[in-house]
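J.: Whenever a hint applies, use it, and build me the whole structure from the sequences.
Now for the letters of each chain:
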Amino acid sequence: MDGSALREIGAFGRRNPLSMAGGVVGILVIVIALAAPWIAPRDPLKADFRRMNKPPDAQSYFGTDQVGRDTLSRVIYGARTSLFVAFSAVLLGTTVGSLWGVACGYLGGRFDLLSQRVMEVLQAFPDLILAMAISMAIGTGLPAVIVAIAITRLPFGGRVIRSVALSVREMPYVEAGRAAGASALRVMTLHVLPQCVAPYLVLATTHLGVAIVIEAALGFLGVGVPPPTPTWGNMLADAITALVPQWWLVLFPGAAITVTVLAFNLLGDGIRDTLDPRLSPAVLRLVTGAARASGRPQEATATR
Amino acid sequence: MRKYLLRRAVFALGTLIGVSLIIFVVLRILPGDPLVAILGVEGYARLAPADRAHLMHDLGLSDPLPVQYVRWLRDIAAGQLGKSFFRGDTVAELILRRGPISAEIAFLALFVSWLVGLPVGILSALRPNGWADAIARSISVLFIAVPGFWLGLLIVLGLLFWFGYKAPIVIVQLWENPWQNLQIVLGPAVVLGLAQGAYIARMSRSCLLEVIREDYVRTARAKGAVERAVVLHHALPNALLPVVTISGVLLGFVLGGSVAVEQAFGVPGLGRALVTAVVERDIIVVQNLVLLYALIFVAVNVLVDLSYGWLDPRIRY
Numbered sequence: 352m353d354g355s356a357l358r359e360i361g362a363f364g365r366r367n368p369l370s371m372a373g374g375v376v377g378i379l380v381i382v383i384a385l386a387a388p389w390i391a392p393r394d395p396l397k398a399d400f401r402r403m404n405k406p407p408d409a410q411s412y413f414g415t416d417q418v419g420r421d422t423l424s425r426v427i428y429g430a431r432t433s434l435f436v437a438f439s440a441v442l443l444g445t446t447v448g449s450l451w452g453v454a455c456g457y458l459g460g461r462f463d464l465l466s467q468r469v470m471e472v473l474q475a476f477p478d479l480i481l482a483m484a485i486s487m488a489i490g491t492g493l494p495a496v497i498v499a500i501a502i503t504r505l506p507f508g509g510r511v512i513r514s515v516a517l518s519v520r521e522m523p524y525v526e527a528g529r530a531a532g533a534s535a536l537r538v539m540t541l542h543v544l545p546q547c548v549a550p551y552l553v554l555a556t557t558h559l560g561v562a563i564v565i566e567a568a569l570g571f572l573g574v575g576v577p578p579p580t581p582t583w584g585n586m587l588a589d590a591i592t593a594l595v596p597q598w599w600l601v602l603f604p605g606a607a608i609t610v611t612v613l614a615f616n617l618l619g620d621g622i623r624d625t626l627d628p629r630l631s632p633a634v635l636r637l638v639t640g641a642a643r644a645s646g647r648p649q650e651a652t653a654t655r
Numbered sequence: 560m561r562k563y564l565l566r567r568a569v570f571a572l573g574t575l576i577g578v579s580l581i582i583f584v585v586l587r588i589l590p591g592d593p594l595v596a597i598l599g600v601e602g603y604a605r606l607a608p609a610d611r612a613h614l615m616h617d618l619g620l621s622d623p624l625p626v627q628y629v630r631w632l633r634d635i636a637a638g639q640l641g642k643s644f645f646r647g648d649t650v651a652e653l654i655l656r657r658g659p660i661s662a663e664i665a666f667l668a669l670f671v672s673w674l675v676g677l678p679v680g681i682l683s684a685l686r687p688n689g690w691a692d693a694i695a696r697s698i699s700v701l702f703i704a705v706p707g708f709w710l711g712l713l714i715v716l717g718l719l720f721w722f723g724y725k726a727p728i729v730i731v732q733l734w735e736n737p738w739q740n741l742q743i744v745l746g747p748a749v750v751l752g753l754a755q756g757a758y759i760a761r762m763s764r765s766c767l768l769e770v771i772r773e774d775y776v777r778t779a780r781a782k783g784a785v786e787r788a789v790v791l792h793h794a795l796p797n798a799l800l801p802v803v804t805i806s807g808v809l810l811g812f813v814l815g816g817s818v819a820v821e822q823a824f825g826v827p828g829l830g831r832a833l834v835t836a837v838v839e840r841d842i843i844v845v846q847n848l849v850l851l852y853a854l855i856f857v858a859v860n861v862l863v864d865l866s867y868g869w870l871d872p873r874i875r876y
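Protein chains in written order, with my numbering: chain A, 352 to 655; chain B, 560 to 876.
Source of the hints: derived by calculation from the structure; they are not laboratory data.
Calculated lysine to any residue pairs in the SDA-like style (CA-CA distance at most 25 Å, straight line): (1) 397(A) to 598(A); (2) 725(B) to 573(A); (3) 725(B) to 606(A).
T.: Structure below.
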């Protein structure tokens, strides 16, 4: 990484300190997930019948579950599955959705009309319920869960990127490409697609948090990644099989979900403000000519 | 207006037909024989092939797919939703018994979200970037990130741990015993309502800030109206439109989220029935319940669209 990239990140951090913090925590979680075998104190699958249902102590900081597995190790390994599923699902869903959106926006016509109806139908389902039905239908393995979550992300990519492609299509340079005799495919990939990268990144980061929550909910409901693979959702599901759930079995996996989702949401907000200025409240204020010097919108000063 | 209504209804109907097609296709590509799912591998192996065919025929699963699909739509139109594979009760009975509880949760959650979200949003907008605004915004960012079912588990555990209290887990309808019924639905409603309240607060803040900048608000101030009157009577009504819209969108979260939250609280609502059916691979129940959820979602969005004209008389259909 050269100096300019570092400066760029530094400037981003100064403008959005919270998003920077979110990014740092997010990277930390990713590192923990990648390095799980070296960080985790114990084997997450190994039962220890001498240490069942132990509250947090010096031997296992997050306590142990009903069969004596170490909760800390399971939370660390859980990050692996949860992040892997969320990243793959968002990558798959948003990418396919975005390409679909580019095609819709650029080609227009009957293809666009039909695609819009299909997306409307997909959006008529509540996310979690659609994901549940799909993962039930195609079997509850890791790939099934990824595909199920990805399908719920399709229409978002499709809609947003379609609107970008619609406006880009009318630009003179795209027209020039068409006039020069380039095929529709060539114009789409070389001229329209690059304009969609920024909104694509915004979409992908903002949907990461949603994907993590859906994955956890599927695991919690028993239709996600099948046990014994530790995921945060599965751990919560395991915890409540007991008549009186142990607090540490509920607290730690859920806290892991919350921290991770919070981190990615904050990062997503910052990336949106930076890359998609049309959506940013800061720019809205600039455009509407509110007071900039004080860093406060005008109406606030007027009320004092 | 009537023409618009008609067009909107036709559109919604088209969407619902698409929805039913997707449900049907998704559930019929189920790998494996539905009989294996119903009887288990051993039970399936014990059956003679003729018995299997007979059973499939009884369940109506041996007909060609288009025939099955058309029959399903016809049954819906006739109000007959079929039966659970595992339990004797019909899907219609299931919906009538459990639906009211889930509906109560949804309405109460909507109420809580406005009750909490709107005042917080207004408070934030009155002094943007002040300390109250900062606190309100951090809390809403937090509540958007917290998964509702985990918050629900924590509440259940906390009540049990400190007060030894456990909400009843039987089905008690509002008209049977309002007090017990309230204990069942209050927890899920508050959890779902708070998460939505966070979105409402965010939305109402940014909309208010936008409206407050308009000329007519300046006029109101210039004529000497008190700040409170300016915000509540002049600015707020115009800022509410997008907030209503997002409330409709949020209902999708409530419907989806309630499934997990009901599970967390152990509330015997429709969401839990759906989860049980999915886990048991009870296709008939799943296909009808998923369709019901989508139907409600589509209907609410139509209602939200129609409410525009009422909230903003400038909008003509």
